[in-house]
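Participant: Protein chains in written order, with this note's numbering: chain A, 65 to 294; chain B, 16 to 152.
Hints in this document: simulated from the structure, not taken from any laboratory. No residue lacks a Cβ here, since even glycine has one placed at the ideal position from N, Cα and C. Careful, some of the hints might be misleading.
[Said to hold, decoys possible] Subject to a maximum C-alpha distance of 25 Å in a straight line, what follows is the list of computed DSS-like cross-link-like pairs (lysine-lysine):
id: 1; chain 1: B; residue 1: K109; chain 2: A; residue 2: K70
id: 2; chain 1: A; residue 1: K206; chain 2: B; residue 2: K109
id: 3; chain 1: A; residue 1: K108; chain 2: A; residue 2: K199
id: 4; chain 1: A; residue 1: K240; chain 2: B; residue 2: K84
id: 5; chain 1: B; residue 1: K113; chain 2: A; residue 2: K233
id: 6; chain 1: A; residue 1: K70; chain 2: A; residue 2: K240
id: 7; chain 1: B; residue 1: K84; chain 2: A; residue 2: K233
id: 8; chain 1: B; residue 1: K109; chain 2: A; residue 2: K291
id: 9; chain 1: A; residue 1: K213; chain 2: B; residue 2: K109
id: 10; chain 1: A; residue 1: K240; chain 2: B; residue 2: K113
id: 11; chain 1: A; residue 1: K206; chain 2: B; residue 2: K85
id: 12; chain 1: A; residue 1: K110; chain 2: A; residue 2: K199
id: 13; chain 1: A; residue 1: K69; chain 2: A; residue 2: K233
id: 14; chain 1: B; residue 1: K113; chain 2: A; residue 2: K70
id: 15; chain 1: B; residue 1: K109; chain 2: A; residue 2: K69
id: 16; chain 1: A; residue 1: K213; chain 2: B; residue 2: K85
id: 17; chain 1: B; residue 1: K113; chain 2: A; residue 2: K69
id: 18; chain 1: B; residue 1: K109; chain 2: A; residue 2: K233
id: 19; chain 1: A; residue 1: K69; chain 2: A; residue 2: K213
[Stated by the list, open to error] Stretch-level coverage of chain B by chain A, calculated; a stretch enters the list once three of its residues show a Cβ under 8 Å from a Cβ in chain A:
id: 20; segment: 46-57
id: 21; segment: 67-75
id: 22; segment: 140-146
[What the hints assert, rightly or not] Residues on chain B that point at chain A, a partial pick, calculated with CB under 8 Å:
id: 23; residue: P42
id: 24; residue: I43
id: 25; residue: L60
id: 26; residue: F63
id: 27; residue: W78
id: 28; residue: I80
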Amino acid sequence: MSIFKKIMTAIRGGASEVGESIIDSNATRIFEQEIRDAENHLTKAKRDLTGVMAEQMSANREVDRLSKEVTEHEGYAVQALEKGDETLALAVAEKISTLESDLATQQQARDSFTGNAERLKELVRKSERQIVEHKRQLSMVKTTESVQKATSAITDNFSSSNSKLLSAKDSLERIKAKQQKFDDKMKAAEMLESENSDNSLAAQLKSAGIGAQSSNASSVLDRIKAKQKS
Amino acid sequence: MNIHTIADHLNTLADNSTTGLCFDCQPISGEVDILQISIVGREELPVFISVTDDQILCITYLWGIEEVKKDSLIQMHESMLEMNIPMPLSSFSKIGDKYVVFGALSINSTFEDIEHELAVLSNNAIEVIDDMGDYLV
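Please model the entire structure based on the sequences and the hints provided.
Facilitator: Here is the structure:
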């Protein structure tokens with residue numbers, strides 16, 4: 065059964081009993097142990113791989129050395145033949161034969177190390193992928209569990225603080241009302257601000273003698289004098 | 016990153032948050048530690064944060080199954096599924112008999128990421144209740 069299905073079944077089955085752990089904590093522990101085991105195996109595989117790769121390099125060096133020596137001795141054999149020393153040439157040929165058999169053994173060893181290294185590398189890659197996948201699954205299980213516990217804590221908190229949960233629509237109404245109130249306040253503040261600036265403009269105009277002038281005693285007197293004259 | 020460092024950060028922000036929202040944090044202790052975050056002016060829709068091994072979960076409760084009109088359930092589910100992708104950063108879920116919106120963040124998120132997440136989640140929650148109002152009693 066896939067992890068998704070397991071979680072779904074667990075949620076469906078346990079939905080009626082809020083607060084009850086839906087996933088067997090023992091199973092989680094076993095799973096965590098499995099991941100740790102896999103990680104240990106991986107560490108070991110990597111160590112083995114290092115060893116095999118070291119052997120591979122050493123075999124490589126040996127193959128190079130033997131090949132060089134074979135070539136070298138072939139040169140000696142030719143020189144001996146040129147000098148007409150058949151016996152010496154034969155001795156060199158014997159040496160070459162030994163070298164070649166050593167070379168064959170080393171080549172075989174090198175090929176076997178190379179094969180082993182490849183296999184171990186593939187194993188390491190596979191284990192790494194598997195561990196990542198297991199960790200993802202464990203995280204899903206743990207998250208489900210944690211959300212479930214969190215929900216029960218939140219529910220407990222609400223019932224203990226005696227605060228009744230509002231319906232979604234009532235909550236929205238309240239929030240909107242608060243927002244409206246805030247907006248109204250802002251608007252009122254803005255209006256007040258603009259009124260103030262209107263006033264200050266009018267005052268400036270007045271002091272500059274522009275616009276309607278308020279009557280004062282001297283202007284009233286002037287008006288009366290003008291009437292008398294007429 | 017744990018709920019206490021998050022609470023410290025949000026509480027010291029006060030009015031200086033980049034999101035324009037003012038957060039008030041209160042830890043709830045239990046088997047799993049939770050941070051209840053009230054947003055000034057939106058106290059009715061708190062956000063709950065819990066931190067697990069690899070992620071930070073932010074959840075807001077929307078409504079209970081009992082608030083859904085009897086013959087609207089399927090339509091409401093469809094609308095929620097359709098809105099799930101367009102809705103920025105948050106997703107719908109159901110915990111027990113309650114519908115929720117939630118956002119999950121990496122445990123390596125910055126405080127700014129968390130602050131942004133909370134603001135978006137809160138805005139989404141308000142908008143969703145408004146939009147889904149027809150299906151609710």
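Participant: So, for every hint listed, does it hold in this structure?
Facilitator: Hints and how they fare:
{"no.": "1", "hint": "B:K109 to A:K70", "verdict": "holds (17 Å)"}
{"no.": "2", "hint": "A:K206 to B:K109", "verdict": "holds (17 Å)"}
{"no.": "3", "hint": "A:K108 to A:K199", "verdict": "holds (19 Å)"}
{"no.": "4", "hint": "A:K240 to B:K84", "verdict": "holds (22 Å)"}
{"no.": "5", "hint": "B:K113 to A:K233", "verdict": "holds (14 Å)"}
{"no.": "6", "hint": "A:K70 to A:K240", "verdict": "violated (42 Å)"}
{"no.": "7", "hint": "B:K84 to A:K233", "verdict": "holds (13 Å)"}
{"no.": "8", "hint": "B:K109 to A:K291", "verdict": "violated (89 Å)"}
{"no.": "9", "hint": "A:K213 to B:K109", "verdict": "holds (14 Å)"}
{"no.": "10", "hint": "A:K240 to B:K113", "verdict": "holds (22 Å)"}
{"no.": "11", "hint": "A:K206 to B:K85", "verdict": "violated (34 Å)"}
{"no.": "12", "hint": "A:K110 to A:K199", "verdict": "holds (20 Å)"}
{"no.": "13", "hint": "A:K69 to A:K233", "verdict": "violated (34 Å)"}
{"no.": "14", "hint": "B:K113 to A:K70", "verdict": "holds (21 Å)"}
{"no.": "15", "hint": "B:K109 to A:K69", "verdict": "holds (16 Å)"}
{"no.": "16", "hint": "A:K213 to B:K85", "verdict": "violated (29 Å)"}
{"no.": "17", "hint": "B:K113 to A:K69", "verdict": "holds (21 Å)"}
{"no.": "18", "hint": "B:K109 to A:K233", "verdict": "holds (18 Å)"}
{"no.": "19", "hint": "A:K69 to A:K213", "verdict": "holds (20 Å)"}
{"no.": "20", "hint": "46-57", "verdict": "holds (count 6)"}
{"no.": "21", "hint": "67-75", "verdict": "holds (count 6)"}
{"no.": "22", "hint": "140-146", "verdict": "holds (count 3)"}
{"no.": "23", "hint": "P42", "verdict": "violated (10 Å)"}
{"no.": "24", "hint": "I43", "verdict": "holds (5 Å)"}
{"no.": "25", "hint": "L60", "verdict": "holds (6 Å)"}
{"no.": "26", "hint": "F63", "verdict": "holds (6 Å)"}
{"no.": "27", "hint": "W78", "verdict": "holds (4 Å)"}
{"no.": "28", "hint": "I80", "verdict": "violated (11 Å)"}
Figure legend: structure checked against the earlier numbered hints; hints not met, in rising order: 6, 8, 11, 13, 16, 23, 28.
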